[in-house]
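Based on the provided sequences and hints, a complete structural model is requested.
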Amino acid sequence: MKKLLAVLFSLMLLSLFACGKESDVIKSGETIKIGFLGPMTGDAGNYGKLMSQSVKIAVEEFNAAGGAEGFNAELIVEDTEGKVEKGNPAIEKLAGVDKVFGIVGAVFSSVSLAVAPKAEAAKIVMISPSSTHKDLPDKGKFIFRDVMSDALQAIVFGKYLAKIDNVKTVAILYVKNDYSQGLAMDFKAQYEKEGGKVVAVETALQGDKDFKTQLTKIKGTNPEALYIPNYVAEIAQILEQAKQLGLKTKIYSADGFSNPQIFELAGDLSNGVIYTQAAEQPASQIKKDFEAKYQAKWGEKPDAFSLNAYDGAKIILNAIKTTSSKGMSGVLKVDRDKVRDFVAKTKDYDGASGKITFTENGDLVVNIGIYTAENKKFKQLKMFKLDGEKLVEIK
Amino acid sequence: MLNFVLLIFIYIGIYAIASLGLNLIVGYTGLLSLCQAGFLAIGAYTTAVLMTACHMGFWESMIISGFLASLFGILIGIPTLRLKGDYLAIATLGFGEIVKNVILNWDSVTKGPMGINGIPGPSIFGTTLSSMDKPEWIVIIWVGVVVTYYFIRRIVRSRIGRALEAIREDEIAASSMGINTAKYKIGAFTTGAFLAGIAGSFFAAFNQSVAPLTFDFMMSIMILCMAVLGGLGNSFATIIGTIIIVLASELPRLLGISHIIPPQLNQILFGFILVLIMIYRPQGIIGRIKLNYAKIVKEEIFDLEK
Amino acid sequence: MNLFNIPSNELLQHLINGLTLGAIYSLIALGYTMVYGILKFINFAHGEILMAGTYAGYYFYFFLYDPSKGATYTIGIFIAALLIAMTASALLGVIIEKFAYKPLRKAPRLAPLLSAIGVSIILANLAALFFGTKSKKFEYPFDNSSMQIGGSSITPNQLMILAVGLIMMAGLKLFVDRSRLGKAMRATSQNQPVAALMGINVNLIISLTFAIGSALAAVAGVLMALEYKVYPTMGTMAGLKAFIAAVVGGIGNVNGAMLGGIILGLLETFGVVILGIPQGLKDTIAFTVLILILLLRPSGILMKNIREKV
Numbered sequence: 001m002k003k004l005l006a007v008l009f010s011l012m013l014l015s016l017f018a019c020g021k022e023s024d025v026i027k028s029g030e031t032i033k034i035g036f037l038g039p040m041t042g043d044a045g046n047y048g049k050l051m052s053q054s055v056k057i058a059v060e061e062f063n064a065a066g067g068a069e070g071f072n073a074e075l076i077v078e079d080t081e082g083k084v085e086k087g088n089p090a091i092e093k094l095a096g097v098d099k100v101f102g103i104v105g106a107v108f109s110s111v112s113l114a115v116a117p118k119a120e121a122a123k124i125v126m127i128s129p130s131s132t133h134k135d136l137p138d139k140g141k142f143i144f145r146d147v148m149s150d151a152l153q154a155i156v157f158g159k160y161l162a163k164i165d166n167v168k169t170v171a172i173l174y175v176k177n178d179y180s181q182g183l184a185m186d187f188k189a190q191y192e193k194e195g196g197k198v199v200a201v202e203t204a205l206q207g208d209k210d211f212k213t214q215l216t217k218i219k220g221t222n223p224e225a226l227y228i229p230n231y232v233a234e235i236a237q238i239l240e241q242a243k244q245l246g247l248k249t250k251i252y253s254a255d256g257f258s259n260p261q262i263f264e265l266a267g268d269l270s271n272g273v274i275y276t277q278a279a280e281q282p283a284s285q286i287k288k289d290f291e292a293k294y295q296a297k298w299g300e301k302p303d304a305f306s307l308n309a310y311d312g313a314k315i316i317l318n319a320i321k322t323t324s325s326k327g328m329s330g331v332l333k334v335d336r337d338k339v340r341d342f343v344a345k346t347k348d349y350d351g352a353s354g355k356i357t358f359t360e361n362g363d364l365v366v367n368i369g370i371y372t373a374e375n376k377k378f379k380q381l382k383m384f385k386l387d388g389e390k391l392v393e394i395k
Numbered sequence: 001m002l003n004f005v006l007l008i009f010i011y012i013g014i015y016a017i018a019s020l021g022l023n024l025i026v027g028y029t030g031l032l033s034l035c036q037a038g039f040l041a042i043g044a045y046t047t048a049v050l051m052t053a054c055h056m057g058f059w060e061s062m063i064i065s066g067f068l069a070s071l072f073g074i075l076i077g078i079p080t081l082r083l084k085g086d087y088l089a090i091a092t093l094g095f096g097e098i099v100k101n102v103i104l105n106w107d108s109v110t111k112g113p114m115g116i117n118g119i120p121g122p123s124i125f126g127t128t129l130s131s132m133d134k135p136e137w138i139v140i141i142w143v144g145v146v147v148t149y150y151f152i153r154r155i156v157r158s159r160i161g162r163a164l165e166a167i168r169e170d171e172i173a174a175s176s177m178g179i180n181t182a183k184y185k186i187g188a189f190t191t192g193a194f195l196a197g198i199a200g201s202f203f204a205a206f207n208q209s210v211a212p213l214t215f216d217f218m219m220s221i222m223i224l225c226m227a228v229l230g231g232l233g234n235s236f237a238t239i240i241g242t243i244i245i246v247l248a249s250e251l252p253r254l255l256g257i258s259h260i261i262p263p264q265l266n267q268i269l270f271g272f273i274l275v276l277i278m279i280y281r282p283q284g285i286i287g288r289i290k291l292n293y294a295k296i297v298k299e300e301i302f303d304l305e306k
Numbered sequence: 001m002n003l004f005n006i007p008s009n010e011l012l013q014h015l016i017n018g019l020t021l022g023a024i025y026s027l028i029a030l031g032y033t034m035v036y037g038i039l040k041f042i043n044f045a046h047g048e049i050l051m052a053g054t055y056a057g058y059y060f061y062f063f064l065y066d067p068s069k070g071a072t073y074t075i076g077i078f079i080a081a082l083l084i085a086m087t088a089s090a091l092l093g094v095i096i097e098k099f100a101y102k103p104l105r106k107a108p109r110l111a112p113l114l115s116a117i118g119v120s121i122i123l124a125n126l127a128a129l130f131f132g133t134k135s136k137k138f139e140y141p142f143d144n145s146s147m148q149i150g151g152s153s154i155t156p157n158q159l160m161i162l163a164v165g166l167i168m169m170a171g172l173k174l175f176v177d178r179s180r181l182g183k184a185m186r187a188t189s190q191n192q193p194v195a196a197l198m199g200i201n202v203n204l205i206i207s208l209t210f211a212i213g214s215a216l217a218a219v220a221g222v223l224m225a226l227e228y229k230v231y232p233t234m235g236t237m238a239g240l241k242a243f244i245a246a247v248v249g250g251i252g253n254v255n256g257a258m259l260g261g262i263i264l265g266l267l268e269t270f271g272v273v274i275l276g277i278p279q280g281l282k283d284t285i286a287f288t289v290l291i292l293i294l295l296l297r298p299s300g301i302l303m304k305n306i307r308e309k310v
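Residue numbers (the working numbering), protein chains in the order written: chain A, 1 to 395; chain B, 1 to 306; chain C, 1 to 310.
Calculated directly from the structure, the hints in this document are not laboratory data.
Source: prediction; values computed, not measured.
Do not take every clue at face value.
What the hints assert, rightly or not - Capping the alpha-carbon separation at 25 Å, the derived lysine-lysine pairs in BS3-like fashion look like this:
(1) A:Lys297 / C:Lys137
(2) C:Lys137 / A:Lys376
(3) A:Lys377 / C:Lys137
(4) A:Lys209 / C:Lys136
(5) B:Lys84 / C:Lys40
(6) A:Lys301 / C:Lys136
(7) C:Lys40 / A:Lys293
(8) A:Lys243 / C:Lys137
(9) B:Lys134 / A:Lys123
(10) A:Lys248 / C:Lys137
(11) A:Lys168 / A:Lys390
(12) A:Lys376 / C:Lys136
(13) A:Lys297 / A:Lys33
(14) A:Lys301 / C:Lys137
(15) A:Lys321 / A:Lys345
(16) B:Lys84 / C:Lys106
(17) A:Lys209 / C:Lys137
(18) B:Lys134 / A:Lys99
(19) A:Lys287 / A:Lys301
(20) C:Lys136 / A:Lys297
See the structure below:
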């Protein structure tokens, strides 16, 4: 017993002494560290895995292109398990031990909101690829995201359904997680404001795979359309069970649908589902190249969040490369404020997810694409931007 | 690195308060409870709501959190009068899930799955602590741990403690000795819940945010592991158990290998630590310390004479 | 007609949904209850054993699956996959018992529980490491288009779940009640030392119990996989709920496990529907009712409440 304690404490002491290095100056032979923060294990582990693989590719490309003044970047992936209390040690480790210069993450809004003040305090640029909660960008100067906010996506879709697709009645089925609930609530408010009628709001728990009870109830209300702003595994279940129950309505979803895994899980049932996603520039070669690279390296396809993660990592690395300089005796000097300012100035950056421009507070300026799935392929139908209260189609 | 180690010690302190409370229920009284996370959640959310929506200070909120949690402790204590062993465990498990489920669905108060953010820190001597002020936090929380430790020590070395242990060893014999088992069993639950509520309150104020999925069944299980691993019915061992569980779950990060090994290995390692310790030290690492009643009684008499 | 707020045309549909859910819970609950009956301990890794067996069956089926070879072939490999899943789970259950639980038979009560939790964490994460965290689709071995009965739909798979569930439970019941080994099992669960004195190989019986319970879990796993896909945490929540069902039915009692499972399935479906509140609250309703049942029947529905005597 005493031995065990002695070993543990000496380990801790050792690690205390192992890190007396000066921050913001990278000695030759060391690497520029950036972090990824997301769920790598547990129920949501797959989302973190897909996104971290993107960041990995970005880092490898950066290094292959010579890095910053010959200094290579290194990715540190930390697992949050999708939980706030695991996110805190993770960010403390990235900030205090690894002294990263940028973080791609966190994945869930609840975790991002919790870790943001810590990234801000440690002057780490944080770009979340998937936290859609509307309050996130306001959490600090160093906090950005390259995914569109719930509010924007839901407002556009609310208007689109009511005014353009002329859907009169909608039932909503969402899972009680921050992503789905945020979208469902914002959509409901906007759609009702536009004169649409929400005839049923049904919820499910994170991890649920059986939605037959909810769908049976929804079927009873006979809606014209069903809105399911969930992640891909749940969407696939809902599509299948809706068919089994004979629920024949138009189905609308959100960017969670953009994961190509939907075609494996739901097959032809994915046909005709209409969903929102950040609009992509016509024929983006960058996206195609990245998807091919991703497929070749990891043997699976990236989802929309992974594209965001890739772009976020590229933006951070690019900022580090541009703003850092060689100092005395071959060290690399990185100025955290300069990195932040460079990231903030990002305008029309050509990314895999589309053109990226940050607003004043670090949110994404974005056009919203209306997509559908057709024969196991995603297809953009229309593109909109929000001009004040008005929905303007971009041709 | 220092910050990170300090953070771990803050977590250890918070969990220690909760696991000391659980040890009173499971270790001393012998009632298997699987809802400590539920009480923690009640404490954390009470503090979060009081501090953000009602703009109350931390210390008042903390006390209210503790009492609210203990109120639910009474509620869940009542089934203990009828249920035994694993049946009781299931009732408490169900209760923990209900708490989580209600928090998740009560959007108007708890903000549902989003959780509550921007919880201010406690004010102490006119300054408000943020979660960056780790040394101050360590002092506050470990004072809490020490107070809890001595509080429980006082309880278990008094008549109450002897009554609790009597119930654990043989309930029927205890009640035939004139011990009001109902009173003591509910009392143990209430006290354990109170401590979990306080721990939850610290948890909310330190993390400055709470989210419902944090307080899942796994958290109850982890707290139970802390109490069992060191040795049930031994407060010192519970603290050691807490240190080991928290360190073990952060071990790869402490060793700086968390980004080299796949994240699942971290968890697998943790699972192995649990299995191996149980196989080699099933009574816990330290085990139960038999109290020397003769000595205690002597000390008490000595105190009285003074 | 409007019974408890439920339109009559939905009533049958909810009943079908609830019963299939309940049948799956029942199958899982059987494993818990058998192990508990003999060792008096909660095999927390049961849900993960289910998951591991399902993966074994899934990979076998996935590599041989070829719709062009006709329906008989598909059903053939499906049955083979089911048997492989059962064997894999049974083996795993027996191995885990030998390494993680057997050394703890005489240990304090909570030690094997913690050991089981450790095993379950190890298994779930090993699966995530080797098989990935993504959901995988277990293709139906038959056309799963739903059929209409009185305005409600039922799928062939739901029918299969109900049928297989019934067959497995009846088979287990016959085995435990009628066969020599079943008798030995019951004897072991009542009094281990005496059973050993009667010449029963207790270790063998315990291994057998783990094997049967785990194999039943694998059946539930494959049925679940068809309905809900295969993923590393598939057994965790279902396992926990099945366990609660087993206790409410009266743990250690085979009939109780079936009854508890069905009750839980129906509660999850009907509870919120009757009250007209969102399905997100189903756990609250289901668990509240279960706790109330326990308060009325402190040893589970089907167990006699034996007063402890000195």
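How the hints compare with the structure:
1. Taken as a hint, the lysine 297 (chain A) and lysine 137 (chain C) pair is honoured in the structure, with Cα atoms around 23 Å apart against an allowance of 25 Å.
2. Taking the CA atoms of lysine 137 (chain C) and lysine 376 (chain A), the gap is near 16 Å; set against the 25 Å cutoff, the hint holds.
3. Taken as a hint, the lysine 377 (chain A) and lysine 137 (chain C) pair is honoured in the structure, with Cα atoms around 19 Å apart against an allowance of 25 Å.
4. A distance of roughly 13 Å separates the Cα atoms of lysine 209 (chain A) and lysine 136 (chain C); the hinted pair therefore holds under the 25 Å criterion.
5. For the suggested pair lysine 84 (chain B) and lysine 40 (chain C), the alpha carbons sit about 13 Å apart, so the restraint of at most 25 Å is met.
6. A hinted pair counts as satisfied when its Cα atoms are at most 25 Å apart, and lysine 301 (chain A) with lysine 136 (chain C) qualifies at roughly 15 Å.
7. About 54 Å separates the Cα atoms of lysine 40 (chain C) and lysine 293 (chain A), which puts this hinted pair outside 25 Å; it is violated.
8. Restraint check for lysine 243 (chain A) and lysine 137 (chain C): the C-alpha separation of about 17 Å stays at or below 25 Å, so the hint holds.
9. Annotation: proposed proximity of lysine 134 (chain B) to lysine 123 (chain A) holds, straight-line Cα distance about 18 Å (limit 25 Å).
10. Under the criterion of a C-alpha separation no larger than 25 Å, the hint pairing lysine 248 (chain A) with lysine 137 (chain C) is consistent with the structure, at around 23 Å.
11. Simply put, lysine 168 (chain A) and lysine 390 (chain A) have alpha-carbon atoms about 20 Å apart, close enough for the 25 Å limit, and the pair holds.
12. Pair hint lysine 376 (chain A) plus lysine 136 (chain C) holds up; C-alpha atoms about 17 Å apart against a cutoff of 25 Å.
13. Our distance criterion of 25 Å between C-alpha atoms is met by lysine 297 (chain A) and lysine 33 (chain A), whose separation comes to about 22 Å.
14. With a C-alpha separation of about 16 Å, the suggested pair lysine 301 (chain A) and lysine 137 (chain C) falls inside the 25 Å cut-off, and the hint holds.
15. At most 25 Å may separate the alpha-carbon atoms for a hinted pair to count; lysine 321 (chain A) and lysine 345 (chain A) meet this at roughly 15 Å.
16. Of the pairs offered as hints, the one joining lysine 84 (chain B) and lysine 106 (chain C) holds, with about 21 Å between alpha carbons and a cut-off of 25 Å not exceeded.
17. This hinted pair checks out: lysine 209 (chain A) and lysine 137 (chain C) have alpha carbons roughly 13 Å apart, not beyond 25 Å.
18. Distance restraint check for lysine 134 (chain B) and lysine 99 (chain A): the Cα-Cα separation of roughly 18 Å lies within the 25 Å cut-off, and the hinted pair is therefore satisfied.
19. At most 25 Å may separate the alpha-carbon atoms for a hinted pair to count; lysine 287 (chain A) and lysine 301 (chain A) meet this at roughly 12 Å.
20. Note on lysine 136 (chain C) and lysine 297 (chain A): the hinted pairing holds, with a Cα-Cα distance of about 20 Å set against a maximum of 25 Å.
Comparing the model with each earlier hint shows a violation of hint 7 alone; every other hint is respected.
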